[in-house]
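Protein chains in written order, with my numbering: chain R, 1 to 288; chain Z, 1001 to 1288; chain A, 2001 to 2288; chain H, 3001 to 3288; chain E, 4001 to 4288; chain P, 5001 to 5288.
Any given hint could turn out to be false.
[Said to hold, decoys possible] Residues on chain R that point at chain P, a partial pick, calculated with CB under 10 Å: (1) 158; (2) 165; (3) 200.
[As the list claims (entries may be wrong)] Here are some chain H residues the structure puts well away from chain Z; computed CB gaps all over 10 Å: (4) 3054; (5) 3055; (6) 3096; (7) 3187; (8) 3211.
FYI, nobody ran anything at the bench for these hints, they're computed from the structure. For glycine and all other residues, C-beta sits at the position ideal for the given N, C-alpha and C.
Protein chains: 6
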Amino acid sequence: MSEFARPFTRPPHPFLIEPLVRRALEEDLGRSGDLTTELLVPPTQSAEAQIVARASGALAGLVCADCALRLIDDRVEITVAALDGEAVQAGTSVATIRGPARALLTAERVALNFLAHLSGIATATRALVETVAGTKARIVCTRKTTPNLRILEKYAVRCGGGFNHRFGLDDAVLIKDNHIAAAGTLGIAVERVRTGLAHMTKLEVEVETLAQLEEALSLSVDAILLDNMSVDNLRQAVMLTRGRAVLEASGGITLESAREVALAGIDCISSGAITHSAPALDMALDFC
Amino acid sequence: MSEFARPFTRPPHPFLIEPLVRRALEEDLGRSGDLTTELLVPPTQSAEAQIVARASGALAGLVCADCALRLIDDRVEITVAALDGEAVQAGTSVATIRGPARALLTAERVALNFLAHLSGIATATRALVETVAGTKARIVCTRKTTPNLRILEKYAVRCGGGFNHRFGLDDAVLIKDNHIAAAGTLGIAVERVRTGLAHMTKLEVEVETLAQLEEALSLSVDAILLDNMSVDNLRQAVMLTRGRAVLEASGGITLESAREVALAGIDCISSGAITHSAPALDMALDFC
Amino acid sequence: MSEFARPFTRPPHPFLIEPLVRRALEEDLGRSGDLTTELLVPPTQSAEAQIVARASGALAGLVCADCALRLIDDRVEITVAALDGEAVQAGTSVATIRGPARALLTAERVALNFLAHLSGIATATRALVETVAGTKARIVCTRKTTPNLRILEKYAVRCGGGFNHRFGLDDAVLIKDNHIAAAGTLGIAVERVRTGLAHMTKLEVEVETLAQLEEALSLSVDAILLDNMSVDNLRQAVMLTRGRAVLEASGGITLESAREVALAGIDCISSGAITHSAPALDMALDFC
Amino acid sequence: MSEFARPFTRPPHPFLIEPLVRRALEEDLGRSGDLTTELLVPPTQSAEAQIVARASGALAGLVCADCALRLIDDRVEITVAALDGEAVQAGTSVATIRGPARALLTAERVALNFLAHLSGIATATRALVETVAGTKARIVCTRKTTPNLRILEKYAVRCGGGFNHRFGLDDAVLIKDNHIAAAGTLGIAVERVRTGLAHMTKLEVEVETLAQLEEALSLSVDAILLDNMSVDNLRQAVMLTRGRAVLEASGGITLESAREVALAGIDCISSGAITHSAPALDMALDFC
Amino acid sequence: MSEFARPFTRPPHPFLIEPLVRRALEEDLGRSGDLTTELLVPPTQSAEAQIVARASGALAGLVCADCALRLIDDRVEITVAALDGEAVQAGTSVATIRGPARALLTAERVALNFLAHLSGIATATRALVETVAGTKARIVCTRKTTPNLRILEKYAVRCGGGFNHRFGLDDAVLIKDNHIAAAGTLGIAVERVRTGLAHMTKLEVEVETLAQLEEALSLSVDAILLDNMSVDNLRQAVMLTRGRAVLEASGGITLESAREVALAGIDCISSGAITHSAPALDMALDFC
Amino acid sequence: MSEFARPFTRPPHPFLIEPLVRRALEEDLGRSGDLTTELLVPPTQSAEAQIVARASGALAGLVCADCALRLIDDRVEITVAALDGEAVQAGTSVATIRGPARALLTAERVALNFLAHLSGIATATRALVETVAGTKARIVCTRKTTPNLRILEKYAVRCGGGFNHRFGLDDAVLIKDNHIAAAGTLGIAVERVRTGLAHMTKLEVEVETLAQLEEALSLSVDAILLDNMSVDNLRQAVMLTRGRAVLEASGGITLESAREVALAGIDCISSGAITHSAPALDMALDFC
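Make a model of the complete structure from these sequences and hints.
As structure tokens, then:
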């Protein structure tokens, strides 16, 4: 798959991608197949088409588009002009596709749906990443992803230059306000977690005030999520922490506010919007 | 499921919803489960929480949230204050949830991800629907949906007051420009389709000019998609057609332009943006 | 797949066929495999065999037989002498198969089971189709299909020269007597449906009398199913309708009665028997 | 499940039945659900209906019908008037069903499709069983079953009073003519098999002549399939065998010829037609 | 697959192996893939490695290791120096693997886990087989296998020179003490079974005393399991039986006691330990 | 599920356990079901049985046994005398089971196979844990698990008092010798990883000498795996490290050597043998 992606964007293994694409094709083809194409287009007819970006942005999802086209007909050939993870300009071709006309027409919508959705996420991520360029702040995603597409959306975030937070509930511990309330105090919460915490699992706690931050720092956690803090407080948090924990800022951070947050010295800025509210990047399949 | 949805929104059958929700839970729980909650919260602790809309909009996805919560623990009880398909105001509670604290914490994110995503679609649909209120124009969705969620997104469109277009490639014929190019002429294309078209399947053709519209009308098709036409042309199209076919306007129609299109006398306005670019509706789970 | 089927019979996409064939092979091979063949036949032994029709009929299912053989061993080569959708004479070869002897012996029964079952349906369909030759009546199938094989059986009907009715409950509306009873009157039933009916979905109603037919016509439905009517009534129904709706005759129509029904001017004759009661067409694998 | 079946018909375990029924429902409901019913019938409406046999025969498949109805809505209640494995008379009720009207209408076709198909097989089996009544001959099925329904069709054969042959390629050895040809001689074939044959696996060989029968007997096999022998030869085969092996007659045995074959002293008569060519038993769901 | 296995070890068909290996890879790769390798090793780097046995034993599982490597990257090439079913010496190479370095690193653990587990079973089996060499006793496995790996473990037993008992509950009848208790007497139990027993299914009964053995022999069963009998009793059992049934000894038979049991004249010695308690054979992947 | 497990052993969620148990039941029941039981035991017969440990050890797998029994028949009732994670003595009852006799007989083997396998792992773990009691060393498992059972085996390790290492390749980074060779030096390897490493993912490196350890410490990694070091070297490693990284000892550590390793001051001792070579704990189902 690496022929479709920039180095180190780490596209998911084909056997993770293929079932998702296959299900999307089944969803579209249904039980009676592509009525229009099969009734209209002779099986021997060939075609060539361009995948064209109709808006500028960052590309993600060529690995899915390729998979969709080849699942429909493995004679389709794709030549890419850009890679997942690269920037594309509005109106430029992303890839050239040659093969049976039926295959191109039948796979078109599914291929574009993946590409537009994931490129939308990469584009929104890239915008934030560029906003904080030159600071040490990373843009990281959250678990606010579209159900059943998290593997692909985390990849799209990487294509946009962002970093991933924990994948799910099981690969890191994040103690939030409700957990603290359930345990009584942050101290008790951390203590309980430590009794069963594997040595290869990181521990983050969410705090809302500087006082809570100091308590968290005294507990030697790996990372601290600063929820909805003012930029002033974020600056103080950085000074208080002195590198003893990774600091993550979160809560309604936008393109407008991100740079100021980054300049406060924060390590990570997490954003739900880049996955749950990124508009699709307009992509089309133009026949030659 | 109908206890969570307004009449005639037609929520998908539970055995279509459940696998989607189950996979989303597996995606989040992974292989080691909810580390934080299982290490912190005793299994006997109970909790009560509110699902709260943090923004105003149209609700969709309670059927999924309910499913997620009960798959995690079937002792969870949900009392709804609003139904899928209804309007909600920012800051109001949508449902009250009672049950084991562990279950509420573990299912929270998946339940909200479905609810926020689908309510976002319902909200975007509702906005368009209200824009054309009082005209005969219906707002209809397209096949530009998030891969593997089309069943739910079509339902969200209905919750927003919209109508569905064909579900996929197999339940109706839609002859587009590339099909016409492949066949040679619109006449040949329609003729070929008719030889194999089932008597219960509708036939729509896409046209870009009034001349093409007249050709399409002469071929007695069921519906005609008017692609990217000016409002003037749309008005003329309506007059030319005189009810002989359903007229669907398509192509970059926005909240700003929709009403004028509707007033031209069009039957349907189709929008890809309501499914592929609707921002999530902000929803939260607040513990009492 | 089109190399095994006549043009426009529209064989299902391989990724719809393959899981059905794979499951059938798993069903036959079980957990310990083909004991007889694996103990008896050396892996290096080659063989050649003919698929022979032992009775005359219409062919359907080569796409499945091919799939079964190649799933067992992708070195198997098939050369077809007839295509799905063509007529075969008793005693003639349908295809020549060459490859590892083990593969031919192991896949034989599954390949033949598909071929015999689907050719049986194609043959029964063809018989009805030929009976009404020269009239405008189409032979159409129903939802009375063998569970989980509907995709293939609908294809077998097309191979026999028949047409498909709606695929299932979701791609067209058919208001039957029980629905009318539930709603109160046909008028109410149609009105309720219309409030939610998508513009690309057709609407058919079932009637048993000419009076009901007139009511149905007044409601501008797309198609009308004339259930168990006498040929006299069918003739009057055609006259009353004057092309305003597709007319479908149904109810115990046999090879004997079909032509008379067709000559009454009916558009479609639907038959459950062609899918639920067609005897298998006798097919064998003869080793050379 | 035993509440729906006669003792010792051995219905498959629910977790084998349920996936088959679930897939059949998904096949019929598709992606948009039961349009007609959901648009027409209020969710609160109740109904009662009878499953009625429109032809006389042997019943099989109530376990599937029950499963289909309850998968659609677990509030449906079924009261049976007959059991799988029992005879039913044309025009009599087999079961009474009460529950939400929507559920009855939606599940009707799938429930009937299973019931009609499997009862057709049970009925064909029962006819052969009654033909040989009073002899020691058992009617047994073959591997000529409908793909992916073998578990249910083997059960339907038992409901009809027949016995099962091996289930598939892996639970017994059957050396047929092509295997003998591949090995060289029957003696070599049996010798090869014996080197790897598990002590709990039976061995049957197919013979076409009395000379082959004698060779088979000298090899101490468990059972011998007498393929296409005349009744005279079958009688001699019985005398030659003197109980040293189970004798199975096969090859085009019909209702007309079966009794004579049985009277020849054969142990088993195998029939492919009872599974691959049994017409469906006409069953209906009549609303009260 | 036969290129990786000795003749007549009968490796399971690839479509039975592949899902098991695929799931194991998914289990290890999880959702974010092989972080270490993907971050460290360029996609273009090649590598060569040896699969080395670090202990002596019997080989089983190359068919799985091959499958794992090729599922990760189908450019990997494997040259085997030994086959499933052959003996290997500690420190010798079993296979040479060449391909992308990433693929070798990523598939390594899954490939070895299968190989070590199955070779452990083959080795334990081989030890018992060699202990009874020269007697007529076969070593057979039981149903005490690792859940979901029975197909592979039965194969590993064959690779070790052992034979398989019935695969599961459905391919042979084994009446054990609890069944006899439920029926009342052994005679009643056998009688009940015979009424429904297919002619291709074998019947074994478990006995604990010589008196029970005599009762079993009088009932003409196919095989008798002698549970936990002393060697003296086993000898008498052989004499009493005089070849009228297959005799199987069972119950805590070890490497130490097996030969004496075999010399008593027993046909089969069954062992649960060879599948449930065989330690893994130490295998490693050494990069060149 | 917590009613069958000690607090904080964290049994996997039922929807992770159930598919594994269901597949194991399907594996054993096959296609024709439990022939013996269904032919012998009337459906109305009840029974009571004890699950008895025939050897002393630590219990794990009751959650699976319970699932197996209830999947076969949900009327089965289980009363536990011990919990997953507790010690059991040879000859004592672990649970009492009441329900239909058929269900107990049919589910017996699958229930015991899970219980014996997982309790074997818990017992081997517990033995190591007790050996290092009073030191700070934790016993941790590896990725050397039985394919497709890792979720359960990791749980069994927790039941035995051990801790889990990373679950798979995706939830932590572990740089081993082959990775270092591929990168050139440890420094380059760590640098490459850091460019893409998420802030919630831990990083461990494997070293074999004290010199490598010092290099690793200079790179500020989270954990260091000391592979095959002598106890003397381990002691020096602890002194060199001074708490700057978690130290894990690995490589052929046995019950005999573990305590000395622990006393060297190591944080974790990892063992592959506890999962890949633990003999099953002998468990039986005794009917009352």
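**Study point:** List of violated hint numbers, smallest to largest
**Key:** Violated hints: none; all satisfied.
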